Amino acid sequence: MASDEHSVTVRKVEPSSNPVQDEDLDQYGEELSGLTIVDVDVHVDDTLMFMLDYMEGHFRKRMETVLQADFKGEPGNSLRNLIAHIAWLGSSYDKPPRAKLATKEDLVSRMEKGIIDYSILFPSELLPVGYLPEPEWAAALATAYNQYMVDAYQNLDGVKIAIVVAPQHPVRAAEEIDRHAAHPDVVSVCVPDVGVNPPIGDEKYWPIFTAAARHDLPISFHGIEALIHDNYPLRVAHFHTLMQVNSMGFPFTSMLQIMSVVCAGIPIRFPNLKFAILEAGLTWMPFIMYRLDAAYLRYRTEMPALEKKPSDYIRDWYIGTHELEALPRRGDLAKLIDLYQGHNTTMWASDWPHLERDLIAGFMRYDMDETLRRKILGENALRFFGLKPRK
Amino acid sequence: MTPEKQPTRRSRSQRRIFVAPLNDFPPGTRMEVQVGRVLIAVFNVGGDFFALFGRCPHQSAPLSRGRLQGTVICNADTCWETQWAHEGEVLVCPGHGMEYDIRSGKAFGYDLKLRTYDVVVENGQVFLLT
Ligand code: FES
Chain A
0 MASDEHSVTV RKVEPSSNPV QDEDLDQYGE ELSGLTIVDV DVHVDDTLMF
50 MLDYMEGHFR KRMETVLQAD FKGEPGNSLR NLIAHIAWLG SSYDKPPRAK
100 LATKEDLVSR MEKGIIDYSI LFPSELLPVG YLPEPEWAAA LATAYNQYMV
150 DAYQNLDGVK IAIVVAPQHP VRAAEEIDRH AAHPDVVSVC VPDVGVNPPI
200 GDEKYWPIFT AAARHDLPIS FHGIEALIHD NYPLRVAHFH TLMQVNSMGF
250 PFTSMLQIMS VVCAGIPIRF PNLKFAILEA GLTWMPFIMY RLDAAYLRYR
300 TEMPALEKKP SDYIRDWYIG THELEALPRR GDLAKLIDLY QGHNTTMWAS
350 DWPHLERDLI AGFMRYDMDE TLRRKILGEN ALRFFGLKPR K
Chain B
0 MTPEKQPTRR SRSQRRIFVA PLNDFPPGTR MEVQVGRVLI AVFNVGGDFF
50 ALFGRCPHQS APLSRGRLQG TVICNADTCW ETQWAHEGEV LVCPGHGMEY
100 DIRSGKAFGY DLKLRTYDVV VENGQVFLLT
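Chains as they are written, first to last, in numbering that gives the first Met the number 0: chain A, 0 to 390; chain B, 0 to 129.
Same shape as in the complex, but just chain A (with noise of 0.2 Å):
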């Protein structure tokens, strides 16, 4: 960066057809260089065309199927775009253009930057699984998925995965979680937890928490619009624009997940497996850990199991920092992690390459002490997925 008050330089330029992405990177690369940086949230082209040979028998049959549907001209290859066709297309008027969706290798030559410790791969496509409503065919999608991004991503310089695992067949989600944990770059089993019915702490998942506790592998919880879902939790039942579905349904849903883990007594029957949140931002953290610890004073007796306050337990969950807020004052992220004491827990992700990834400054712009900044960008990361410093 020319930083001389008194230069000059000039260059032509195009708009950019596709949102920007890495600059903010190179941008920071001097100032980044020697910290531990992982991304706990980063996404590829996982279309479910890349699925298809991965299945068997009828399962096939309705892959091929569903690969020739034909929506408004696009392959209906994308569950997503499928969806969303459904409810709100167009309605942003395609601004910012569209993000692609990033190849192997965009990936890779993002981590050969060298800026970029770890990339943890979270699925796209099969992030709304938790709300199809057939178990069977959400977990051969599921099993589908995990042998695909095994086999086209292992051994990659900085690259882990975690796996996805359809909670509405928790007895097909253990197998997967036994099937892949060991697995040197396998780090987390993802449940997506939108339009999970009953809420995730119920008895009938504990064969999912059994799975990962046995392994030790952490729990990542991710969220996604949830387009079409209607009414879990307030999704478009309730509102009807996509902007009120967006902000509202991932915290509402992380909020919902964690009171439901908690008060169920998961922590205290798993006590060493980790959980994180993903894709929800933080400033409802402080809410539901407090806002829990104040009915628990009336409340305690509905479940003794608990040997602690809700706060002390939901203090201990990851989560990443991904969608940051954009708070009002370069102070107001520190003071905000202090609230929900996260110190330990919080961990940068960008959500790379979607369309509301955070770019790093967006993170870089809060002011923090320098011990924290690490934490945040590397060192909790580093912790959560049992991972080995690479700087």
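What the hints contain is simulated information worked out from the structure, not anything from laboratory work.
No experiment lies behind these values; they were computed from the predicted model shown.
For glycine and all other residues, C-beta sits at the position ideal for the given N, C-alpha and C.
There's no promise every hint is true.
To be verified - Each computed EDC-like pair below joins lysine to aspartate or glutamate, with the alpha-carbon atoms no more than 20 Å apart: (1) Lys11(A) with Asp76(B); (2) Lys390(A) with Glu29(A); (3) Lys11(A) with Glu31(B); (4) Lys334(A) with Asp366(A); (5) Lys112(A) with Asp25(A); (6) Lys203(A) with Asp177(A); (7) Lys99(A) with Asp177(A); (8) Lys11(A) with Asp47(B); (9) Lys105(B) with Asp76(B); (10) Lys11(A) with Asp23(B); (11) Lys390(A) with Asp184(A).
Stated by the list, open to error - Residues from chain B shown here face chain A by an in silico Cβ test under 10 Å; the list is partial: (12) Ala19; (13) Asn22; (14) His95; (15) Gly104.
Claimed, not checked - Which bits of chain B does chain A cover? Going by a derived footprint, with three or more residues having C-beta under 8 Å, they are: (16) 46–59; (17) 105–112; (18) 116–123.
Here the structure of chain A is known, so what remains is to put chain B with the ligand in place on it, guided by the hints.
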């Protein structure tokens, strides 16, 4: 809303920065000018030049790379009906889509205005005044 304050930052004498020969900067094109640490986006829209602070206040994406299109408006002038307006004069941030009026630098839907700069054309040459 509070009345708009006029900043008094123009106390220093203005600096003329050569951007390009007019021939190299035709309508529909844009330039990114870096002056020290400050990035400025300069546009030729149908022969009129506009220059704005070049980094989006949201997460610093380079505004010179934004597309120019229209947007939807709804206000007393439209009798509170939603209309498509300002075609070609709304700069859309290539980061996450904040929209700016290319003429005034004002962000649509935010109480926020980007700094704008004067551009002059003299003897077939385009200059930026900072
Ligand atoms: S950087 Fe401009 S809208 Fe995010």
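Given the hint that Lys11(A) pairs with Asp23(B), test it: the Cα-Cα distance must not exceed 20 Å.
-> holds, 9 Å
Mind checking the alpha carbons of Lys11(A) and Asp76(B) for me, to see if they're no more than 20 Å apart?
-> Judged against 20 Å, a Cα distance of about 37 Å means the pair is violated.
May I ask you to test the interface hint for Gly104(B) with respect to chain A, counting a Cβ-Cβ separation under 10 Å as satisfied?
-> Since the shortest Cβ distance to chain A is 18 Å, the answer is violated.
Proposed proximity, Glu31(B) with Lys11(A) (alpha carbon, max 20 Å) | holds, 6 Å
CA of Lys390(A) to CA of Glu29(A), is that 20 Å or under?
-> Between Lys390(A) and Glu29(A) the Cα gap is close to 15 Å, so the pair holds against 20 Å.
Apply the coverage criterion to the region 116–123 of chain B and chain A: a residue qualifies when its Cβ sits closer than 8 Å to a Cβ of the chain, and three qualifying residues are needed.
-> violated (count 0)
Within a Cα-Cα threshold of 20 Å, do Lys390(A) and Asp184(A) meet the stated pairing?
-> holds, 19 Å
Within a Cα-Cα threshold of 20 Å, do Lys112(A) and Asp25(A) meet the stated pairing?
-> holds, 8 Å
Interface restraint verdict for Ala19(B) against chain A (beta-carbon cut-off 10 Å) | holds, 7 Å
Satisfaction of hint between Asp76(B) and Lys105(B), Cα-Cα up to 20 Å | Cα-Cα ~18 Å, so holds.
Is the Cα-Cα distance between Lys334(A) and Asp366(A) 20 Å or less?
-> Holds: Lys334(A) and Asp366(A) sit about 10 Å apart, inside 20 Å.
Straight-line Cα separation of Lys203(A) and Asp177(A) no greater than 20 Å?
-> holds, 18 Å
In the structure shown, a violation is registered for the earlier hints numbered 1, 7, 13, 15, 17 and 18, in ascending order.
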